[in-house]
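*Asks:* First to last, the sequence lines map onto chains A and B.
Every position in the first sequence, counted from 1, becomes a number in this note's numbering once 1117 is added.
Mapping to this note's numbering: the second sequence position 160 is 159, numbers consecutive.
These are computed hints drawn from the structure, not numbers from a lab.
Ideal Cβ placement from N, Cα and C applies to all residues, glycine included.
Heads up, some of the hints might be wrong.
[Said to hold, decoys possible] Label pairs and their calculated CB-CB ranges:
no., chain 1, residue 1, chain 2, residue 2, range
1, B, Asp192, A, Ala1121, 37 to 47 Å
2, B, Pro125, A, Val1359, 50 to 60 Å
3, B, Lys41, A, Ser1119, 30 to 40 Å
4, A, Gly1122, B, Lys41, 33 to 43 Å
5, A, Arg1395, B, Pro125, 51 to 61 Å
6, B, Arg76, A, Ala1121, 37 to 47 Å
7, A, Ala1121, B, Gly140, 31 to 41 Å
8, B, Arg84, A, Val1359, 29 to 39 Å
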Amino acid sequence: MSRAGAHLRYFARTSLRGLRASPVTAAVGISTIGIALVLVGAFSLLLTNMEGLLDRFGDDLRVTAYLESGLPVAERAALARRVATIEGVLEVDVVSEDEALARFREGVGRASGLLAELEENPLPASLEITLAERRRTPEGMRVVVESLDGLPGVSDLAYGQEWVEGYARAVALVRGIGAGVGLVLALATLAIVANTIRLAVYARRDELEILSLVGASRPFAATPFLVEGALQGAVGGALAVVILYGLFRLILPEIEAGLSMLLGFAEPRFLTPGGVLRLIGAGAGLGLAGSAAAVFQGLRA
Amino acid sequence: MSAAPSPGESARRDALVQMYHVSKSYLPGTFALRDVTLEVAKGEFVFLTGPSGAGKTTLLKLLFAAEKPSEGQIILRGRNIARLRDSAIPGLRRRIGVVFQDFKLLANRTVEENVAVTLEVLGRPPREVRRRVFALLKQVGLQHRRHHFPLSLSGGEQQRVALARALAGEPELLLADEPTGNLDPELTLEIMDLIAHASVRGTTVIVATHDLPTVDRYGKRTLHLEAGRIKEDRAAVGVRP
Chain A
1118 MSRAGAHLRY FARTSLRGLR ASPVTAAVGI STIGIALVLV GAFSLLLTNM EGLLDRFGDD
1178 LRVTAYLESG LPVAERAALA RRVATIEGVL EVDVVSEDEA LARFREGVGR ASGLLAELEE
1238 NPLPASLEIT LAERRRTPEG MRVVVESLDG LPGVSDLAYG QEWVEGYARA VALVRGIGAG
1298 VGLVLALATL AIVANTIRLA VYARRDELEI LSLVGASRPF AATPFLVEGA LQGAVGGALA
1358 VVILYGLFRL ILPEIEAGLS MLLGFAEPRF LTPGGVLRLI GAGAGLGLAG SAAAVFQGLR
1418 A
Chain B
0 MSAAPSPGES ARRDALVQMY HVSKSYLPGT FALRDVTLEV AKGEFVFLTG PSGAGKTTLL
60 KLLFAAEKPS EGQIILRGRN IARLRDSAIP GLRRRIGVVF QDFKLLANRT VEENVAVTLE
120 VLGRPPREVR RRVFALLKQV GLQHRRHHFP LSLSGGEQQR VALARALAGE PELLLADEPT
180 GNLDPELTLE IMDLIAHASV RGTTVIVATH DLPTVDRYGK RTLHLEAGRI KEDRAAVGVR
240 P
């Protein structure tokens, strides 16, 4: 076995022995990281769902250009072809007055009987414009609408821009709060983890002293503690995922009504596999950073 | 073997340790060591004696770079360790074995694991570590206790484990700070015989002690310290000063 291999074997054995030797300290470290990451994960979950809704909303995003009354069919078709050439427009459908009324009847359901009282169809013909994917943002939509505005034959434009912009602002706000809260939580966790591991380092200061006496370099003496910290962090991250999933399943039915207001009618989604791995990785990173802060301070002392 | 050699003399005599006008002060105006100049040849066995606070431990700490001198030069194998960078200290310590009065063993590791730690730091393969640890424990008469934990051993046995750990890396220099301070006379002899045996095998040995009967019994070179200064450099019995 090479020197590096012998060292790796030593690090693995010593780290596991360290965890076994002080299970209470390890449990405290794991729980601390786990609880902190539950909060970070909850924000991440909220963000994922809000962003997911925005994506799904974007798929249905359309601009409706209402046509002037009495515009001949041939001109409607010509206008549709012209609109289709506007940059950012994917597809244009012509909806006649009759089709619009039929859709309306379908939409109102049983109340459609009231429409029978109407002497004439009040609904105008329109062009339903589907945007290219790259334009399915508040900014992209504004660019397309500006190109449509003032076209001859178009009387009015309708689009949910205000709603989309409001929602995008809400997502940005939540993302900003999430990043801020995440940062504060990460720093607080780091401080707590560093202190927890500092206790472990203090309890094992004789080990560091003896390693130093027999000629171990600082990185050599520190490595088992760093591995322990990273392992505790990863387990803490996994614990956070389990707790989050439990809460997600338990609490979801209770808050579904509130969520539907926030998320629309989209079904709430749990973290993606990538999100789960990121949370576990964040735990490992926190554990590693916390132990590095504690152990190098311990070695200097 | 003199307390004040010239550098030229040292080179001729194959010195392992040379100290020139070394002082160490922990607090301004007070000195733990003051203007110490000495030389220890390769393979030599030296006792450091003196009352508590004479500077024996400080002198040993300077040699394994646990402290840096306030003044003077310390040459170990031709290298000035007074100006050693922190990153170079581990390399120095891998060539030095250190034994303390309080043994400094890891209570949660077995005898075997305590001795193995020196070899693991050196990156020796597991098979070699096992073989060498067994040989060392046999040398100190503890092979049958290799799976025991230190606290289940007597003081003398614990010090033998500490000695085996110190010798595991085949050091050029063995430093022992009151190695028999916690032991009764019978165990003291047992430990000192093992240390003397290491010297016979070529390791340079410096033992700090205030156990004068033991010093007299072995008749080795003795440096007597008082208030941080060398008061006497007594040659080994049968060796002309």
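*Asks:* All hints are to be evaluated individually against the structure, with a verdict given for each.
*Replies:* Checked hints:
no.	hint	verdict
1	B:Asp192 with A:Ala1121: 37 to 47 Å	holds, 39 Å
2	B:Pro125 with A:Val1359: 50 to 60 Å	violated, 37 Å
3	B:Lys41 with A:Ser1119: 30 to 40 Å	holds, 32 Å
4	A:Gly1122 with B:Lys41: 33 to 43 Å	holds, 34 Å
5	A:Arg1395 with B:Pro125: 51 to 61 Å	violated, 37 Å
6	B:Arg76 with A:Ala1121: 37 to 47 Å	violated, 27 Å
7	A:Ala1121 with B:Gly140: 31 to 41 Å	holds, 35 Å
8	B:Arg84 with A:Val1359: 29 to 39 Å	violated, 48 Å
Comparing the model with each numbered hint stated earlier shows that hints 2, 5, 6, 8 do not hold.
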